[in-house]
Amino acid sequence: MKQKRKQRSEAVEESRYFGDYGGRYVPEMLVPALEELSGAYFHYRESQEFQKELENLRKNYAGRPTPLYFAENLTRLGRGCKIYLKLESLCQTGAHKINNALGQALLARKMGKSCLVAETGAGQHGLATAAVAARFGLRSRIFMGEVDIKRQYPNVFFMKTMGAEIVPVRDGTKTLKDAVNAALKYWIEHLKDTHYLLGSAVGPFPYPLMVRDFQSVIGQEVKAQIKIYENRLPDVLVACVGGGSNSIGLFYPFLKDKNVRLYGVEAGGRGPGRGENARRLGKNPRKGIVQGYKSYFILDHEGQVQPTHSISAGLDYAGLGPELADLHDAGRICFDQVTDTEALSAFKTLCQAEGIIPALESAHAVAYALKIARKFSRRQIMVVNISGRGDKDLFIAAKELDNEGWMRFLKEEVNHGQPD
Amino acid sequence: MASRIDEVFSKKKKLKIMTHVVAGYPDLETSQNLILAMAEAGADMIEVQIPFSDPLADGPTIMAANHKALQNGLTPKLCLKMIEEIRDEVKIPLLFMTYANLAYTMGLERFVSESAACGVSGLIIPDLPFDERGYDDYYFWLKECNLVGIQVLSAGLSLPRLKKLLKIAEGFIYITLRVGVTGAREGMEKKSADFIDQVKAYAGLPLAAGFGISSVEQIRSLISRVDLAVIGSHLINLFNSGGKENVQEFIKEANQVIEQLS
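Residue numbers (my numbering), protein chains in the order written: chain B, 226 to 645; chain P, 841 to 1102.
Just so you know, these hints were derived from the structure itself, not from any lab.
There may be inaccurate statements among the hints.
[Said to hold, decoys possible] Example chain P residues on the side facing chain B (calculated, C-beta under 8 Å, incomplete):
| # | residue |
| --- | --- |
| 1 | S893 |
| 2 | L896 |
| 3 | G996 |
| 4 | L999 |
| 5 | L1045 |
| 6 | L1047 |
[Unchecked claim] Think about it this way: if two alpha-carbon atoms lie no more than 30 Å apart in a straight line, the pair counts; the simulated DSS-like pairs of lysine-lysine are:
| # | chain 1 | residue 1 | chain 2 | residue 2 |
| --- | --- | --- | --- | --- |
| 7 | P | K917 | B | K399 |
| 8 | P | K854 | B | K417 |
| 9 | P | K1031 | B | K375 |
| 10 | P | K983 | B | K512 |
| 11 | P | K1030 | B | K335 |
| 12 | P | K1084 | P | K1040 |
| 13 | B | K417 | P | K1040 |
| 14 | P | K852 | P | K931 |
| 15 | P | K931 | B | K512 |
| 16 | P | K908 | B | K399 |
| 17 | P | K1007 | B | K417 |
| 18 | B | K417 | P | K1092 |
| 19 | P | K921 | B | K512 |
| 20 | P | K908 | B | K512 |
| 21 | P | K853 | P | K1092 |
| 22 | B | K508 | P | K917 |
| 23 | P | K931 | P | K921 |
| 24 | B | K335 | P | K1031 |
| 25 | P | K854 | P | K1092 |
| 26 | B | K417 | P | K931 |
| 27 | B | K452 | B | K636 |
| 28 | P | K917 | P | K931 |
| 29 | B | K375 | B | K399 |
| 30 | P | K1030 | P | K1007 |
| 31 | P | K1092 | P | K1003 |
| 32 | B | K417 | P | K1003 |
| 33 | B | K448 | B | K624 |
| 34 | B | K399 | B | K277 |
[Claimed, not checked] Chain P residues, not near chain B, derived (Cβ > 12 Å throughout):
| # | residue |
| --- | --- |
| 35 | T870 |
| 36 | A881 |
| 37 | D898 |
| 38 | D967 |
| 39 | Y1042 |
| 40 | S1061 |
Just so it is clear, CB atoms sit at the ideal spot from N, CA and C, and this is done for glycine as well.
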């Protein structure tokens, strides 16, 4: 027994790194909390009862399995391989974020925590956290950059309605990176009753591994579904990459299937200039140790984290998940980019071709899929992860795609709300 | 050879004082003058922070100072040069405090050796724990360059981890008075008081306490409990409201209280 426990703790230590990346680079005062968390996680990961409970919630609460949909019209537009869409957009709260939030909330409850704290960029993770907090009777406090609050107000409204407290973050670039800092700092001060429900496969160990595990359900389902439809593995997988939780969730179960090609799509933003995009793996990628983990970050030559931009708040982040960094170095995943304009155009294309409204994050993956589909034959199969739905992007997309009508609507709403 | 840090602790004064300066805040020259002013007012040691964009362990006051310094164009190189210029003038030990990414980006060897060359006596890097990759390298270069690596400890540590940390600790042991970020507060958490006693029972090194010290009363309560009081955010607040004279006044006042009880 003792031997077994020792072996397990050694395995845990081993798993702290993905190749050269990851680790637990935090001030000493956070170490006990992270040790408690990894101890609990590795315990419950093996527990059948825990997995059963999670499975039940996935099915009856989150709405899993999500469909793997053959997009015939999109396939025609791509003029190449068959394109399937994994519709994470049909999950409760509208994105893959619920997969991780459910897993961690269940864990937090087992650990006896009464409060969840989370960061959010697009608001999808905040929304998922607020939802599971409501579901489990936990308090929730969501840190969100001031810039993101402005551009993702619909999610702010729903988080509040579910009972979450929204804390605006006014430090630094006022976006996702700063929300992570603020949430971590809040956690440091409230370790006893609070669980930090980190939303992406980033941060100090055990987060990158734990979030990847909870999100792997995406890839596992795809594997089973494509077997039914095509009786074989797909040839290509495409996902957008912010911190990287939807991409690693889709890719992970396929890592050993060497013939499956994996594409990660970063935010090319407005172009290659400083602060204009969120490309960690562009020209001269830089490695660093930030927010508790070692990976690729957008840094200047002295190591200061640089501002980022993307039309989609969820991709607007300076760091790349450590496991993805390792898979990049190993040549297992190919990373490329899609600009704001291309993403918007793909957003419209998917709406018109399939009647599916993707999140602007996921629209990056769609745009890239359409770019490369032609490289593959008609018999080959591509799966694109529609990580979230685009309702939350109404305010951004409408302004760009139907400015006149949208402005008229907004004016009427304001006038209606405030009669003279 | 006894390091400059050891010499500080051999002084008779019952409680020594380490002040904190964010290099480049509000600008490079002023921060340089502030170091001189602190030494003149009777600080026993000064911790100079090299600003970083994402200072994980710092509260609002020091974080704002970091950002302001970076906006002013401060770089680690300018910071090293600023210290080198005044090194001979300042007779007390100086330490660099910064975050792992700046040291890692410069290269650990270069960061440690250039710090040594500009005349600091030790380094504090809170987000480079002893059991992460890179630490061994860092430790090697510290030894090679005759610098002291200060460990920052907080209540809540497991006993086995505490013992491991104490084994590699040098110079003094920096205990945070609260589990949280830096920033001026009142009172001391009981948990932290107990932790100080626990560390004392095992440690063969002087103890320092910081995080949240904002009054002479707090400093008084640390006398004969620890050997060194670290004052950071409070001094920045004092500087912001009344300039370096305000900072000097506080240091003198604290020293008076300590002298009376020594």
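Checked hints:
About 4 Å separates the beta-carbon of S893(P) from the nearest beta-carbon of chain B, less than 8 Å, and the hint is met. About 7 Å separates the beta-carbon of L896(P) from the nearest beta-carbon of chain B, less than 8 Å, and the hint is met. Taking 8 Å as the C-beta contact cut-off toward chain B, the hint placing G996(P) at the interface holds, the least distance being around 4 Å. At a threshold of 8 Å, the smallest CB-CB gap from L999(P) to chain B is about 11 Å, leaving the interface hint violated.
Look at L1045(P): its Cβ only gets to about 16 Å from chain B, farther than 8 Å, so that hint breaks. Interface hint status for L1047(P): violated, as the beta-carbon distance to the closest one in chain B is roughly 15 Å, over 8 Å. Taken as a hint, the K917(P) and K399(B) pair is honoured in the structure, with Cα atoms around 27 Å apart against an allowance of 30 Å. Restraint check for K854(P) and K417(B): the C-alpha separation of about 35 Å exceeds 30 Å, so the hint is violated.
For the proposed pair K1031(P) and K375(B), the alpha carbon gap of about 40 Å is over 30 Å, so the pair is violated. Between the alpha carbons of K983(P) and K512(B) the distance comes to roughly 26 Å, so the proposed pair stays at or under 30 Å and holds. For the hint linking K1030(P) to K335(B), the alpha-carbon distance of about 28 Å falls within 30 Å, and the restraint holds. The hinted pair formed by K1084(P) and K1040(P) fails the criterion: a straight-line CA distance of about 34 Å is larger than 30 Å.
Between K417(B) and K1040(P), the direct Cα distance comes to roughly 25 Å. Compliance with the 30 Å bound is thereby established for this hinted pair. Our distance criterion of 30 Å between C-alpha atoms is met by K852(P) and K931(P), whose separation comes to about 17 Å. Of the pairs offered as hints, the one joining K931(P) and K512(B) is violated, with about 38 Å between alpha carbons and a cut-off of 30 Å exceeded. Proposed proximity of K908(P) and K399(B) is supported: the alpha carbons are some 15 Å apart, at most 30 Å.
Among the hinted pairs, K1007(P) with K417(B) is consistent with the structure: their alpha-carbon atoms are about 28 Å apart, no more than 30 Å. Straight-line distance between C-alpha atoms of K417(B) and K1092(P) comes to about 38 Å, which puts the hinted pair past the 30 Å bound. A C-alpha spacing of about 26 Å is found between K921(P) and K512(B), which places the hinted pair at or below 30 Å, so the restraint holds. The straight-line distance between the Cα atoms of K908(P) and K512(B) is roughly 25 Å, inside the 30 Å bound, and the hint therefore holds.
Between K853(P) and K1092(P) the alpha-carbon distance is near 14 Å, which keeps this suggested pair within the 30 Å criterion. Pair hint K508(B) plus K917(P) holds up; C-alpha atoms about 25 Å apart against a cutoff of 30 Å. About 17 Å separates the Cα atoms of K931(P) and K921(P), which keeps this hinted pair within 30 Å; it holds. About 25 Å separates the Cα atoms of K335(B) and K1031(P), which keeps this hinted pair within 30 Å; it holds.
Distance restraint check for K854(P) and K1092(P): the Cα-Cα separation of roughly 15 Å lies within the 30 Å cut-off, and the hinted pair is therefore satisfied. Between K417(B) and K931(P) the CA atoms are separated by roughly 43 Å; this puts the pair beyond 30 Å, and the hint is violated. Between the alpha carbons of K452(B) and K636(B) the distance comes to roughly 51 Å, so the proposed pair goes past 30 Å and is violated. Of the pairs offered as hints, the one joining K917(P) and K931(P) holds, with about 22 Å between alpha carbons and a cut-off of 30 Å not exceeded.
Distance restraint check for K375(B) and K399(B): the Cα-Cα separation of roughly 11 Å lies within the 30 Å cut-off, and the hinted pair is therefore satisfied. Annotation: proposed proximity of K1030(P) to K1007(P) holds, straight-line Cα distance about 26 Å (limit 30 Å). The straight-line distance between the Cα atoms of K1092(P) and K1003(P) is roughly 36 Å, outside the 30 Å bound, and the hint therefore fails. Annotation: proposed proximity of K417(B) to K1003(P) holds, straight-line Cα distance about 23 Å (limit 30 Å).
Restraint check: the Cα-Cα separation between K448(B) and K624(B) comes to about 38 Å, which exceeds 30 Å; the hinted pair is violated. Between K399(B) and K277(B), the direct Cα distance comes to roughly 39 Å. Violation of the 30 Å bound is thereby established for this hinted pair. Every CB of chain B lies more than 12 Å from the CB of T870(P), the least distance being 21 Å, so the non-interface label holds. Every beta carbon of chain B lies more than 12 Å from that of A881(P), the smallest distance being close to 29 Å; the non-interface claim holds.
For D898(P), the non-interface assignment is contradicted: its Cβ lies about 9 Å from the closest Cβ of chain B, within the 12 Å cut-off. Its closest Cβ contact with chain B, about 5 Å, brings D967(P) to no more than 12 Å, contrary to its assignment away from the interface. With a cut of 12 Å on Cβ distances, Y1042(P) stays outside the contact zone with chain B, its closest approach being about 15 Å. For S1061(P), the non-interface assignment is confirmed: its Cβ lies about 21 Å from the closest Cβ of chain B, beyond the 12 Å cut-off.
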